[in-house]
Each structure stands twice: as C-alpha cells, then as structure tokens.
Amino acid sequence: MGASQSAFTEQELDDYQTLTYLTKKEILHVHHRFASLNETAVRLDKNAKLPFNTIMELPELKVNPFKDQIMKVFSSSGDGMTFEDFLDMMSVFSDNAPKPVKVEYAFRIYDFDGDDMISSADLREVISRLTGEGNGLSEEQMQQLIDNILEEADLDDDDALSFAEFEHVISKAPDFVSSFRIRL
Amino acid sequence: MKKNKVRVSFSDLDTPPDLGANRKAGPNKPGMVFLPVRERQKLTDIQTAIDHKTPHLAQRKKVMQREKLMAGPVKNLHGVASVRFENKKRLRKLKEAWNSFKYTMEPWGHALRKIEGHHGAGVVSYFVFLRYLLLVNVCLFLLTMFIWVPEVIFSSNDYTSGSTAATCTASYNVNISSDGFTLILDFFQGTGWLEQTMVFYGYYSGNGLSGSSYNLSLAYMLVCICCLISSLILMGRNVARSFRDSILNEGDGTTEFCNKVFGTWDYTLTDESSCEIKHKSIRYELLSDMHEQEFLREREKRLQKRSKKCKLYTMRIVINIFICLVLGAAAYCIYYVISFSTEYASDHSDASGTWNELLLLLVQFLPSITITVLNALLPILFEKVVVGEEYTAAFVIKITLIRTVFLRLASLAVLIITLYTECWETYVGQQFYKLIITDFLVVIFKTLLVELPRRLLYDKCSCGLMQKVGPPEFDIPANVLDLVYTQCLYWLALTFAPLTPSFSVVKSILTFYLKMLSALKACPPAEKPARASRTNHFFMIILLIAFFLCSVPVGFVFYNMSPSQGCGPFRTYSKMYYALTTTVDSWPSTAESIYELITSPAITGTVIIFLILMIYYCSTLANAHKDMSDLFREQLVMEGRDKQFLLVKLREASGESKPLPRQPHKKPPPGMPTLNTVNESTPTKATRTSTNVSSNSGPPTYNGTTNQNGNVARGQPTSPHMPADDW
Numbered sequence: 321m322g323a324s325q326s327a328f329t330e331q332e333l334d335d336y337q338t339l340t341y342l343t344k345k346e347i348l349h350v351h352h353r354f355a356s357l358n359e360t361a362v363r364l365d366k367n368a369k370l371p372f373n374t375i376m377e378l379p380e381l382k383v384n385p386f387k388d389q390i391m392k393v394f395s396s397s398g399d400g401m402t403f404e405d406f407l408d409m410m411s412v413f414s415d416n417a418p419k420p421v422k423v424e425y426a427f428r429i430y431d432f433d434g435d436d437m438i439s440s441a442d443l444r445e446v447i448s449r450l451t452g453e454g455n456g457l458s459e460e461q462m463q464q465l466i467d468n469i470l471e472e473a474d475l476d477d478d479d480a481l482s483f484a485e486f487e488h489v490i491s492k493a494p495d496f497v498s499s500f501r502i503r504l
Numbered sequence: 005m006k007k008n009k010v011r012v013s014f015s016d017l018d019t020p021p022d023l024g025a026n027r028k029a030g031p032n033k034p035g036m037v038f039l040p041v042r043e044r045q046k047l048t049d050i051q052t053a054i055d056h057k058t059p060h061l062a063q064r065k066k067v068m069q070r071e072k073l074m075a076g077p078v079k080n081l082h083g084v085a086s087v088r089f090e091n092k093k094r095l096r097k098l099k100e101a102w103n104s105f106k107y108t109m110e111p112w113g114h115a116l117r118k119i120e121g122h123h124g125a126g127v128v129s130y131f132v133f134l135r136y137l138l139l140v141n142v143c144l145f146l147l148t149m150f151i152w153v154p155e156v157i158f159s160s161n162d163y164t165s166g167s168t169a170a171t172c173t174a175s176y177n178v179n180i181s182s183d184g185f186t187l188i189l190d191f192f193q194g195t196g197w198l199e200q201t202m203v204f205y206g207y208y209s210g211n212g213l214s215g216s217s218y219n220l221s222l223a224y225m226l227v228c229i230c231c232l233i234s235s236l237i238l239m240g241r242n243v244a245r246s247f248r249d250s251i252l253n254e255g256d257g258t259t260e261f262c263n264k265v266f267g268t269w270d271y272t273l274t275d276e277s278s279c280e281i282k283h284k285s286i287r288y289e290l291l292s293d294m295h296e297q298e299f300l301r302e303r304e305k306r307l308q309k310r311s312k313k314c315k316l317y318t319m320r321i322v323i324n325i326f327i328c329l330v331l332g333a334a335a336y337c338i339y340y341v342i343s344f345s346t347e348y349a350s351d352h353s354d355a356s357g358t359w360n361e362l363l364l365l366l367v368q369f370l371p372s373i374t375i376t377v378l379n380a381l382l383p384i385l386f387e388k389v390v391v392g393e394e395y396t397a398a399f400v401i402k403i404t405l406i407r408t409v410f411l412r413l414a415s416l417a418v419l420i421i422t423l424y425t426e427c428w429e430t431y432v433g434q435q436f437y438k439l440i441i442t443d444f445l446v447v448i449f450k451t452l453l454v455e456l457p458r459r460l461l462y463d464k465c466s467c468g469l470m471q472k473v474g475p476p477e478f479d480i481p482a483n484v485l486d487l488v489y490t491q492c493l494y495w496l497a498l499t500f501a502p503l504t505p506s507f508s509v510v511k512s513i514l515t516f517y518l519k520m521l522s523a524l525k526a527c528p529p530a531e532k533p534a535r536a537s538r539t540n541h542f543f544m545i546i547l548l549i550a551f552f553l554c555s556v557p558v559g560f561v562f563y564n565m566s567p568s569q570g571c572g573p574f575r576t577y578s579k580m581y582y583a584l585t586t587t588v589d590s591w592p593s594t595a596e597s598i599y600e601l602i603t604s605p606a607i608t609g610t611v612i613i614f615l616i617l618m619i620y621y622c623s624t625l626a627n628a629h630k631d632m633s634d635l636f637r638e639q640l641v642m643e644g645r646d647k648q649f650l651l652v653k654l655r656e657a658s659g660e661s662k663p664l665p666r667q668p669h670k671k672p673p674p675g676m677p678t679l680n681t682v683n684e685s686t687p688t689k690a691t692r693t694s695t696n697v698s699s700n701s702g703p704p705t706y707n708g709t710t711n712q713n714g715n716v717a718r719g720q721p722t723s724p725h726m727p728a729d730d731w
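If you're matching them up, the sequences are chains U and S in order.
Counting the first sequence from 1 gives a position; the working numbering is that position plus 320.
Counting the second sequence from 1 gives a position; the working numbering is that position plus 4.
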C-alpha cells in the first residue's frame with residue numbers, strides 16, 4: 321500500500337473518487353491490485369496499459385467465463401487496459417455501484433456481437449459459457465432454454481432482447497445485484 | 005426521468021469549450037447563467053458524468069476536466085448560497101470520510117472475501133447475518149451494563165447465605181462445593197458458585213443499593229425492555245431493507261429462467277475448482293428447472309382427473325396431520341423430560357460421588373439435550389415425508405423450513421410454559437444458560453469432531469462407503485436457523501440471566517471462526533446453489549417472527565408474574581412492573597398525570613386505530629403502485645408493437661419485399677451502444693426533444709472521442725432503416 325500511496329496526488333485521488341463509486345482507500349487498493357499484475361510496468365507508469373492477457377491474471381477474471389467480453393467493454397482503447405479502465409471496471413463491480421449501472425454494463429457484456437440487442441445467438445453463447453465446456457446440454461434442451469428465456473423477456477416478439485427488455489427482466493431477477501460484483 | 009436529465013446535461017457538454025465562462029447552459033435550460041445556480045449546475049453535471057453515462061473512466065475524466073476549464077474564473081458565492089454550498093461540500097467530505105472509515109473498519113471483511121471467493125455469495129450471506137447478530141448482541145451487552153455496573157460499584161449483597169436462597173424457592177437448595185470437578189460441573193450447569201454471581205437474576209439486590217439513589221429494580225426492568233426495543237429497531241431496519249429489495253426484485257415466477265441465466269454467475273468467485281462446480285451447478289439448475297416445468301405440466305394433466313386430485317389432497321392432509329402429531333409428541337416429550345429432570349434434581353440434589361454427580365449432570369442437561377436432539381432429527385423426517393406431497397421443488401424447501409422453524413419455536417414454548425408454571429427466576433435463567441451452553445457445544449462438536457474428520461476421511465480414504473457418504477455440506481438454511489434459534493435463547497434468557505449478552509458476544513465471535521473453519525476447510529462448495537437474495541429476506545422474517553414470540557413471555561413475566569420474595573431486584577414488589585408504577589407515583593403530579601394520560605385507554609386506543617388506518621393507507625398505496633407497474637408493463641409491450649409496426653411501414657416504404665431480419669449484424673460503433681439504447685428506450689417527449697437538440701448542437705465532440713473509428717453514435721441513425729430517435 322505504501323508504495324502506491326505516493327503514486328497519486330491528493331488531487332488525482334479526489335478526481336477518481338468523484339468519478340467512481342469507490343473511496344480513496346479502495347482506489348489505492350485497486351491500484352495495488354493493478355500493480356500486482358505487472359509490477360515493473362506499473363512502476364514506470366502508474367497508468368500503464370497492460371495487455372488483456374495480463375489483466376486476465378486477476379483471480380476473479382481468470383475464472384470468469386465472460387472475461388473477454390468484460391475486457392472488451394471496459395477497455396477504452398480496445399487493445400489493453402490502463403489503470404483507469406481497470407478502476408472503472410472495479411468501480412462498476414463494486415458494492416456501491418447502483419443497479420442501473422450494473423445492468424447497463426451487464427447488457428454490454430452479454431451482447432456478444434455488439435448489435436445493441438441480445439439475440440438468440442447471444443443467448444446461446446451466454447448459456448454455453450455458463451454451463452461450461454462440454455456442457456451436456458442437448459441441442460433440443462438448449463433451444464428450449466432459449467425459447468423459455470425469450471418467452472419470459474421478449475415482450476415485443478422480435479426474438480431478441482433490447483436494453484429496455486433486458487432492464488425490465490433484470491429488475492425482476494433477484495440474484496443479479498448480489499452476483500454481479502467483485503469484492504475489493 | 006433520470007435518463008432524461010442525463011441527456012440534457014450531455015447536450016451541454018457537447019458545446020465547444022470556447023464559449024467559456026459565458027456559456028449558456030443549453031438551449032432547453034434558459035436562465036441558468038447566474039452564478040449560484042451555475043455552480044450547482046456544474047456539480048450536477050459532474051455528477052451526471054459520473055453517473056456512468058460515459059462509458060470509460062478516461063473519458064469521464066476528460067469531461068470533468070473540461071467542466072473545470074469551462075467553469076472559468078468563478079466568482080465567490082455570497083450569503084446563504086455560499087453557506088449552503090460550503091455545507092454541501094463539508095457534508096460530502098464527511099460522507100466520504102465515513103465511507104472510507106467503514107471500509108477500513110469493516111469487521112471480518114477479509115475473511116468474508118475469502119469465503120466468498122471459495123463459496124460464492126450464498127454462503128457469505130450466512131456470515132453476514134452472523135456478523136449482524138453479533139452487532140445486535142453487542143448493543144444488548146452495552147445496555148445490560150446499566151444493570152451490572154452499578155451492582156458491581158454499589159454492591160451491598162445480602163445473597164450470600166444458603167438460607168436466603170432457600171426462601172427463593174421451596175424445592176431448591178444451593179450447595180456450594182469447593183472441589184475442582186464440581187466447580188467445572190457447576191460452570192456448565194450454572195449452579196453452585198455460578199448461581200450466586202451476577203450471571204443470574206437472584207444475585208441482584210433490590211432498589212436499596214447502599215449509598216446511591218440508583219433504582220436498580222427500575223433499571224433492570226427498563227434495560228430488559230430497552231434491549232427488546234433496540235433489537236426490534238436494529239432488526240426493523242434490516243428487515244425493511246431486505247423487504248424492499250425483495251419486493252423490488254420480486255420474481256413473480258415469470259422470469260425464472262432469465263434470473264438463472266443472467267443472475268447466477270457469481271463474479272466474486274476466484275477459485276478454479278469452485279468455478280468448475282459453479283458451472284456444474286448452473287447446468288444442474290437449468291436442467292432441473294426444465295424438468296420442473298415438465299413435472300408441473302404433467303401434474304396438471306394428471307390432476308384433471310378428479311380421482312387423482314382427490315388422492316393427492318388426501319395424501320397432503322394425512323401428512324399434515326402426521327406432522328402435527330409428531331410435533332405434539334415432541335412437545336409432550338420435552339414437557340415430560342423437564343418435569344422429570346426437575347423432580348430428579350430436587351430429589352437428588354445432595355448427590356455425592358463422581359458417578360452420581362455425573363448422572364445428576366446428565367439429568368439436569370436432559371431437557372437441553374432432548375430439545376437439541378429433536379431439533380436435529382425431526383427435520384430429517386420432514387424432508388422424507390414431504391416427497392409424498394408432490395409440491396414443486398422451491399415450495400418443498402420452504403415448507404420444510406417452516407415446519408422446522410415451527411418445531412424449534414414450539415419446543416422453546418413448551419420449555420417456557422413448563423418452567424414458568426414452577427417459576428423461580430434463577431432456575432429459569434439456569435435452564436436457558438444450559439441450553440445456550442449445549443447449543444454452543446453442539447457447534448464445536450459438529451465442526452471439530454464431525455465435519456473436519458468427515459472431510460479428511462473423504463479426501464484420504466477412497467473406499468466405497470466414504471465416497472458414498474461424501475464430504476459434509478454447508479447447509480445454509482439449517483445454519484441460519486441455528487443462529488435464529490440461539491438468538492431466541494438470548495432474548496429469552498436476558499430477563500433472568502442479564503449477563504447473557506456478554507456470553508453471546510463471545511459465542512458469536514467463536515462461532516464465526518468455527519463456521520469459517522467449517523466453510524473453508526471442511527465443506528466443499530455445494531452443487532446445489534443457494535440464493536443469497538431469497539435466503540436473506542426469508543431469514544430476516546423468521547428472525548422477526550421469532551422475536552415477537554420471544555417478547556411475549558418476557559412481557560408476561562413483567563406484567564403478570566409475582567417475583568420471589570427472597571432474592572432478585574424485584575423482591576419488594578408483588579408484581580414486577582410495580583417497579584415502574586411506584587417510580588411514577590413519586591414523580592411530581594403533572595408528570596404523573598401525563599404518564600397516566602399516555603397510558604390511558606383513550607390514547608392507546610386512538611394510536612392503535614391510527615396505526616391501523618396507516619396500514620390500510622399503505623396497502624392501498626401498494627395496490628395502486630402494483631396496478632401502475634402492470635400498466636407500464638403493458639406500455640412496454642405496446643411500445644414494442646409500435647416499433648414492429650413502424651418497421652413494417654418502413655419496409656413497405658423502402659420497397660423491400662422480403663422480411664427484414666432483425667438488425668442484421670450491422671455493427672454500430674463499439675463505443676457507446678448502450679447510450680443509444682437507453683435513450684431509445686425512454687420515448688418520452690422530453691427525451692426526444694433533447695435528443696434532437698443534442699444532435700443539432702454543433703459537432704458532438706464527446707462522441708468523437710468515444711468512437712475510435714470515427715463514427716458518430718448519437719444523433720444519427722444506427723441503421724439506414726431505423727432512425728434512432730423515433731423508436
């Protein structure tokens with residue numbers, strides 16, 4: 321902690337605190353974690369851009385089936401994550417981030433092809449990633465699952481979930497907020 | 005509404021910075037140039053920028069810096085506005101300081117994170133609950149200091165000879181032995197030397213604390229009442245929060261699958277093997293849900309035949325009668341054991357010799373042991389029986405839990421009733437003390453001697469039997485029920501053993517570490533997933549119900565019980581609550597008449613009627629809100645229909661004949677897709693206006709920075725067929 325303390329001026333910390341849902345202590349902690357991914361690079365430049373592979377070494381991300389999507393959504397440049405991107409991510413996943421924010425990012429994480437809609441192809445991808453490798457779900461079961469989901473959530477029958485529909489259905493999903501977070 | 009506001013503020017941000025200090029606050033917000041307002045406006049702009057509408061932190065930072073630049077030389081605020089602004093700033097500083105303090109001071113934060121990484125959010129909810137109960141107990145402990153601290157300071161104890169104690173009850177004698185073995189035994193039973201300490205009711209002297217005007221009897225009574233009230237307040241806050249969350253989140257069964265797909269992945273997991281299990285459990289759950297669907301459909305089909313329906317309902321009635329019988333039998337068993345143990349203890353109270361003393365100990369512990377054993381065994385029976393009732397899986401869990409809760413509370417109720425019929429306060433206190441000790445021993449025993457060895461055997465020994473038995477499982481409902489039950493014991497014991505909260509604090513802390521050991525070392529992550537959200541809510545409600553049930557006997561004791569004449573703080577009164585009324589009598593007449601007025605039926609009746617009216621009003625309000633939300637849902641559907649209709653029109657207009665696929669993978673710029681969606685999803689008039697405004701307000705610098713490939717996301721249609729502003 322001591323080392324990263326000096327990494328930021330009070331002003332910077334103030335700004336970060338205003339811009340995220342984290343407190344200064346948490347921000348320093350996040351930086352600590354960021355630095356632990358690649359000590360040398362971060363020592364040279366506290367806002368160093370680390371490649372995706374390095375970021376994925378973070379234990380929470382390492383095991384996450386949607387890690388590539390998370391990277392894509394939070395990276396501002398598309399080819400790596402700077403500390404600010406990283407902080408942004410931790411802020412969204414923190415306990416203090418309000419639900420609408422989480423929902424919005426979740427939508428983008430689950431929207432694999434980035435067409436602003438969670439289509440049945442996206443759903444298929446989500447399910448197969450959730451259930452893991454060799455998931456043992458038959459094609460028929462998969463199709464039935466997708467149908468079930470669409471039946472529940474797709475209010476306008478266009479075979480895809482728009483953000484409004486997603487938000488609506490997540491607002492009724494009690495587990496979402498408690499699971500969509502990373503503890504600092 | 006909120007999104008609308010956000011829109012407006014971004015249209016501001018899009019104005020180029022060179023407008024500088026004289027910047028108008030956007031066309032749709034005239035008159036925002038005055039300083040105080042602008043100052044405020046600046047704050048809200050930054051706030052909205054923070055409110056996540058900007059996708060990446062780096063960009064939000066730019067927005068903020070631009071805001072700072074544009075603010076230019078700001079004149080100082082004067083007068084009220086300046087004071088208000090300063091206050092606001094100070095308040096925010098304070099809040100931030102408090103937040104960071106909370107973060108550092110969060111007890112067991114690290115342990116919780118570790119457990120969470122291993123087990124996921126469900127199990128952690130148990131530990132959070134435990135921590136919360138610890139907080140309750142610490143509060144109770146602080147309150148009880150008003151009883152025992154004065155007693156320590158001004159002790160004028162006349163409860164030293166056996167003879168005084170004898171007058172406390174006819175059927176009980178106190179023997180104080182000095183040999184080591186008995187001392188230990190006494191510690192576990194709360195008898196002997198322990199009986200004459202501050203642990204129990206009998207020790208406390210009456211209102212005549214020598215050399216002080218401290219009215220201990222009154223303090224004793226008030227502390228007991230305050231303990232209950234403060235528990236209620238602490239719980240009330242928590243229940244209200246969880247209740248609100250659960251109502252907000254109320255899955256009405258129509259979004260089961262969505263919840264499972266979008267809500268189950270636990271982003272907190274860090275452990276690879278836990279993840280493997282999580283994958284498995286999700287798969288298992290999805291499949292079992294589909295089976296459940298099938299099961300329901302099948303049952304419905306089957307139940308259309310009247311004879312089958314009849315059979316099922318008869319079965320359910322029979323099983324319920326059976327369970328009632330079992331509960332009755334359990335109650336009688338407890339009653340019988342208590343009377344037996346009381347009788348035996350009074351007959352053999354002068355037992356000598358190690359064997360006899362051990363036997364006496366066993367008999368004295370018999371009620372506690374019976375209750376604990378019944379609590380352990382009957383739930384297993386309930387689980388077996390419930391299969392015959394053909395409920396859905398979710399309901400099976402619930403009804404088994406409810407039956408178990410009922411069993412636990414019923415056994416406590418029997419204990420209380422039996423004890424109170426032959427009440428001697430300290431004796432009642434001792435019974436609860438024993439129950440608490442037994443309960444704690446069970447926790448230790450279960451963790452150290454059952455769960456850990458079982459896991460060890462499972463890991464080391466690959467023989468068939470052990471693999472079949474499997475490792476222990478961290479059963480959240482059962483564990484939380486244990487906590488609720490123990491908390492009930494604390495509440496009940498409080499009146500007659502005022503030092504209970506100090507035990508409970510120690511016990512809670514030890515339990516935390518034991519359970520952590522059990523969770524981290526003994527139990528592998530469960531394959532059957534537990535839902536953090538639901539369990540929390542359900543258990544808070546159970547705790548609340550248990551609390552009310554516990555406060556009934558306490559109230560009864562104060563109001564209706566004649567206390568022992570020989571010992572205890574109420575020895576001079578014929579009813580405990582006279583401690584309060586005599587004090588009121590000594591007040592000046594105005595105060596006394598105010599007290600009488602407040603407690604008169606006229607006032608209390610009015611208050612009750614008022615509260616009932618409030619409840620009625622709230623329920624009406626709730627109904628109205630529900631109707632409203634249904635209406636909104638319909639509107640959402642209609643909105644979708646509109647969209648489709650428009651799409652069809654568009655297609656016709658553009659002369660395409662083949663059906664248009666839904667947004668053929670035409671990739672909009674990856675920069676900020678959600679912002680579009682958000683705006684499109686709130687098609688109020690205001691939003692549309694502001695969108696138009698924003699697209700007209702010069703080059704959208706902001707978007708320019710967002711999209712690396714130079715596309716402009718907002719203000720332009722995302723696809724040639726779909727003007728973003730119109731749907």
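None of these hints come from the bench; they were simulated from the model.
Just so we're clear, the structure is a prediction, and the values are computed from it rather than from any experiment.
Just so you know, not all the hints are guaranteed correct.
Think about it this way: if two alpha-carbon atoms lie no more than 27 Å apart in a straight line, the pair counts; the simulated BS3-like pairs of lysine-lysine are [said to hold, decoys possible]:
1) Lys345(U) to Lys284(S)
2) Lys118(S) to Lys387(U)
3) Lys450(S) to Lys382(U)
4) Lys525(S) to Lys344(U)
5) Lys382(U) to Lys647(S)
6) Lys313(S) to Lys419(U)
7) Lys419(U) to Lys392(U)
8) Lys344(U) to Lys65(S)
9) Lys344(U) to Lys118(S)
10) Lys92(S) to Lys382(U)
11) Lys525(S) to Lys369(U)
12) Lys369(U) to Lys392(U)
13) Lys450(S) to Lys118(S)
14) Lys92(S) to Lys344(U)
15) Lys284(S) to Lys387(U)
Going down the list of hints, with the structure as the test:
no.	hint	verdict
1	Lys345(U) to Lys284(S)	37 Å, violated
2	Lys118(S) to Lys387(U)	21 Å, holds
3	Lys450(S) to Lys382(U)	35 Å, violated
4	Lys525(S) to Lys344(U)	34 Å, violated
5	Lys382(U) to Lys647(S)	40 Å, violated
6	Lys313(S) to Lys419(U)	44 Å, violated
7	Lys419(U) to Lys392(U)	21 Å, holds
8	Lys344(U) to Lys65(S)	16 Å, holds
9	Lys344(U) to Lys118(S)	22 Å, holds
10	Lys92(S) to Lys382(U)	42 Å, violated
11	Lys525(S) to Lys369(U)	38 Å, violated
12	Lys369(U) to Lys392(U)	14 Å, holds
13	Lys450(S) to Lys118(S)	22 Å, holds
14	Lys92(S) to Lys344(U)	19 Å, holds
15	Lys284(S) to Lys387(U)	19 Å, holds
The earlier numbered hints that this structure contradicts are 1, 3, 4, 5, 6, 10, 11.
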